[in-house]
Amino acid sequence: DTAVSQTPKYLVTQMGNDKSIKCEQNLGHDTMYWYKQDSKKFLKIMFSYNNKELIINETVPNRFSPKSPDKAHLNLHINSLELGDSAVYFCASSPGQGDSPLHFGNGTRLTVT
Amino acid sequence: GDSVTQMEGPVTLSEEAFLTINCTYTATGYPSLFWYVQYPGEGLQLLLKATKADDKGSNKGFEATYRKETTSFHLEKGSVQVSDSAVYFCALSDKGYGKLTFGQGTILTVHP
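Protein sequences appear in the order of chains P and L.
586 is the number that the numbering used here gives the last residue of the first sequence; the numbers go up by one with no jumps.
127 is the number that the numbering used here gives the last residue of the second sequence; the numbers go up by one with no jumps.
Worth double-checking, as some hints may not be accurate.
[Said to hold, decoys possible] DEER-style ranges, computed between Cβ atoms: (1) L/D17 with P/G501: 40 to 48 Å; (2) L/D69 with P/E555: 22 to 30 Å; (3) L/G111 with P/S538: 38 to 46 Å; (4) P/P568 with L/T35: 30 to 38 Å; (5) L/K83 with P/S512: 28 to 36 Å; (6) P/E526 with L/T85: 13 to 21 Å; (7) L/T20 with P/P568: 43 to 51 Å; (8) L/T66 with P/D511: 22 to 30 Å; (9) L/K83 with P/E555: 24 to 32 Å; (10) P/S493 with L/P55: 33 to 41 Å.
[Said to hold, decoys possible] Lysine-lysine pairs mimicking DSS-like chemistry, simulated, CA-CA at most 25 Å apart: (11) P/K517 with L/K67; (12) P/K513 with P/K544; (13) L/K67 with P/K540; (14) L/K67 with P/K509.
No lab work stands behind these hints, which were simulated from the structure alone.
All C-beta atoms, glycine included, are put in the ideal place defined by N, C-alpha and C.
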């Protein structure tokens with residue numbers, strides 16, 4: 474069983490469109506995250522939710538809106554897509570304590586044309 | 016704020032060579048330190064971790080020691096294999112909700 478699964482794996486869309494990426498974890502973790510990896514492999518946290526509550530929002534544009542319907546799911550909706558949004562987006566989960574490692578999904582490669 | 020600096024890549028080695036990837040950090044308090052590895056087309060996987068000063072993390076022949084005095088967590092392996100080719104990330108956690116701050120990643124390529 475995949476521990477952290479993201480869909481879709483690839484997403485190609487045009488500027489101005491709205492798209493969503495879904496993430497689910499079956500590890501029973503309380504905390505979930507979205508990270509963005511740019512073309513130079515740099516990873517930066519975007520959001521974190523703990524038990525469905527937003528706890529980290531790292532100055533991400535308002536066009537990005539995370540939604541956590543329950544603690545096993547954290548979806549990412551992006552409005553009015555821009556060229557600069559092209560990246561690989563990783564979902565991750567953890568039990569929430571600082572010593573605990575994160576478990577990552579395999580990523581969603583978003584390409585905006 | 017917290018930050019992590021890794022040595023510039025890419026790093027290219029021959030099989031059985033010795034590997035060192037340098038990592039230094041800046042943080043308030045006493046963070047936990049991690050090395051993650053990303054194989055092509057996959058997400059990140061935990062390679063090893065250390066939670067306090069002088070701890071040594073080890074896994075799959077890789078080692079790193081938490082050095083508080085030099086704020087470093089260098090990754091080493093005595094004899095690399097072709098299968099070790101990947102991107103390696105050093106990271107620290109703020110011990111709050113586990114938010115990770117990553118270094119810029121180091122691409123390692125090992126040739127037969």
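Let me make sure I understand: some of the numbered hints might not hold for this structure. Which ones are they, in numerical order? The structure breaks hints 1, 2, 3, 6, 7, 9, 10, 12, 13, 14; every other hint is satisfied.
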